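Colleague: Residue numbers (UniProt numbering), protein chains in the order written: chain H, 1 to 353; chain C, 1 to 353.
In short, the hints are calculated from the structure, not lab data.
Bear in mind the structure is a predicted one, so any value in this text is a computation, not a measurement.
No residue lacks a Cβ here, since even glycine has one placed at the ideal position from N, Cα and C.
Please note that a few of the clues may not be correct.
If you want a taste of the chain H side facing chain C, the calculated C-beta under 7 angstroms gives, among others [to be verified]:
#	residue
1	I179
2	A191
3	R204
4	T230
5	E270
Protein chains: 2
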Amino acid sequence: MKRYRNGDIWDFENEMSVNGDGVEVILGLDGGTTSTVCICMPIMPFSHNLPDPLPVLARAVAGCSNHNSVGETAARQTLEEVMAEALSKSGSNRFAVKAVCLAVSGVNHPTDQERILNWLRDIFPTHVKLFVQNDAVAALASGTLGKLHGCVLIAGTGTISYGFTEDGREARAAGAGPILGDLGSGYGIAAQALTAVVKAHDGRGPLTMLTSSILSILELSSPDELIGWTYADPSWARIAALVPVVVSCAEAGDPVANKILLVSVQELAESVKAVVQRLGLSGEDGKNYFPLVMVGGVLEANKRWDIGKEVINCISKDYPGVRPIRPKVEPAMGAALLAWNFLMKEADEKFDS
Amino acid sequence: MKRYRNGDIWDFENEMSVNGDGVEVILGLDGGTTSTVCICMPIMPFSHNLPDPLPVLARAVAGCSNHNSVGETAARQTLEEVMAEALSKSGSNRFAVKAVCLAVSGVNHPTDQERILNWLRDIFPTHVKLFVQNDAVAALASGTLGKLHGCVLIAGTGTISYGFTEDGREARAAGAGPILGDLGSGYGIAAQALTAVVKAHDGRGPLTMLTSSILSILELSSPDELIGWTYADPSWARIAALVPVVVSCAEAGDPVANKILLVSVQELAESVKAVVQRLGLSGEDGKNYFPLVMVGGVLEANKRWDIGKEVINCISKDYPGVRPIRPKVEPAMGAALLAWNFLMKEADEKFDS
Chain H
1 MKRYRNGDIW DFENEMSVNG DGVEVILGLD GGTTSTVCIC MPIMPFSHNL PDPLPVLARA
61 VAGCSNHNSV GETAARQTLE EVMAEALSKS GSNRFAVKAV CLAVSGVNHP TDQERILNWL
121 RDIFPTHVKL FVQNDAVAAL ASGTLGKLHG CVLIAGTGTI SYGFTEDGRE ARAAGAGPIL
181 GDLGSGYGIA AQALTAVVKA HDGRGPLTML TSSILSILEL SSPDELIGWT YADPSWARIA
241 ALVPVVVSCA EAGDPVANKI LLVSVQELAE SVKAVVQRLG LSGEDGKNYF PLVMVGGVLE
301 ANKRWDIGKE VINCISKDYP GVRPIRPKVE PAMGAALLAW NFLMKEADEK FDS
Chain C
1 MKRYRNGDIW DFENEMSVNG DGVEVILGLD GGTTSTVCIC MPIMPFSHNL PDPLPVLARA
61 VAGCSNHNSV GETAARQTLE EVMAEALSKS GSNRFAVKAV CLAVSGVNHP TDQERILNWL
121 RDIFPTHVKL FVQNDAVAAL ASGTLGKLHG CVLIAGTGTI SYGFTEDGRE ARAAGAGPIL
181 GDLGSGYGIA AQALTAVVKA HDGRGPLTML TSSILSILEL SSPDELIGWT YADPSWARIA
241 ALVPVVVSCA EAGDPVANKI LLVSVQELAE SVKAVVQRLG LSGEDGKNYF PLVMVGGVLE
301 ANKRWDIGKE VINCISKDYP GVRPIRPKVE PAMGAALLAW NFLMKEADEK FDS
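Bound-form chain H, shown alone:
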């Protein structure tokens, strides 16, 4: 366990009575490409009936912790600081922690998981249970209140589908980023819209309302200037921010914008169906009930052109048992509930044996 490393991150622990009030806590982290949230939750009695609202001792927010985006050192620093801040704010410390669930984007391979676990082991006392997951798993848990069953579809700047069976098998689809074909993501939608403007301008595609709408919002005077704008800073979130323009144009009846959204719906539905199919989530006859947690700006209700609703329509043609859930708590809480569920399961197993 680290003491006094990384400057004064953990200094606050020396200035308090260790484990003063005896409250044991869980840390749930949601680390994304835009921001990182850490929730400090008191351990609730093990029960399948959860209190409403869920108890929270403290919440801390920091910047990006995707190691693919900001590099490993910066990502770790951010994660360590945001955990220290949440513990400090809740008047607690590392000895009071029973479990940590770290759900971060960019965890795509068991080696990513192992690397982060090793580093967490260096920070926390040995009795602390540690879990590392892709951030999609926390998003699923935020909809199912900690239970790993069903599928989650995230469509924000990026997109991914992730699913679990009750017996612990898991599968994912998409989530490989813009270069590797995530056309359904916010980035994918916006890049297709920018491409449509370029094609209309150079004669390869039909004229579209997207041209005037996008140029006006970016304060550019000609589609030629889009090239410079795009490559000046190809940050995914900056490009994805154009999604509302595409939705407005589709709502106003522009066929090019409409087609882009239809492609996006198709891609998003395909990624969910691939997961459902591989895991057999809908049972043998394809009609079993399964939860589909839906998260992210692209899926949020639009005025008339509702991407999320169209995605569900498309999935339910093949899988009528799909039950969409829009989570009421944030993914960091999902991560905390996940850790709490693991602890409860472990206690059950001990009791049974």
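With chain H fixed as given, assemble chain C onto it according to the hints.
Modeller: Below, chain C alone, put in the same frame as chain H:
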């Protein structure tokens, strides 16, 4: 005109007899994303019959000079150094230069052109004629030996179509880079292949030979590792280097690879047709002869699956007058010939008036 700035770039001029042998020269530059080439050519007598081979006093090579890729300062430094090296090697200096044609990738807008012209004016004596073009224009001139008429299709790491009419109108299509839809480029082909591997792996797409071929050449053990590989260094050329794998798989009968190449052919042909259509290059009945200069690794003859040949087949269905040209000289020579042609035209006009 600069003296003694930028360290010792132009120092060699002080150590020689100025304009010793009286040979007037032209500089032709081809500045790409991978390398920059400068040709120093003696002024040939004005005539429409060119000597074969074309005379070259010196040739110098340097790294990337695309300002979008390496930044403006580095791009300028590279261009200035490569010009100084070509002049120094040819025993000449800036006073002997009659004209410079700088053809660089990343020139997409009149403001790009003006910025570079201003900077060239600072380097050369006032009598020197200066021309700044997109590098596609030099590629066209390398096929037409300096005449700006017809269309050029470049398909290497990136792709662009560029055309000119005899009365000086010009048009381009594509060339907006990978984010803005250049599916026909080497990068576009390779990114589609990587996407196909990810989709086959997560159940969204059919199995393909591309999986084993790409994993083996990249020495990876699972498609999950492709995500890390891709974003570790998303340099366009590194991704485009996978094109030969896609061609091999298509030649071996893989339907997924085959479809990717067909999409690429379609996209490349569309970009040429858009230029031909806008400029009316094929005349009113659509049957007039026009040259199509074809440049870049993607268009070079493959064993059985010949992308370049398929692109021509596709174009000639609409425009039977298309006459493909594979240039025998390099684009830097095209740039030099372009400058020489401008000078000849100017001399003609003076003579006429």
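Colleague: All the hints need checking, so say for each whether the structure fits it.
Modeller: Evaluated hints:
1. I179: holds (5 angstroms)
2. A191: holds (5 angstroms)
3. R204: holds (5 angstroms)
4. T230: holds (5 angstroms)
5. E270: holds (5 angstroms)
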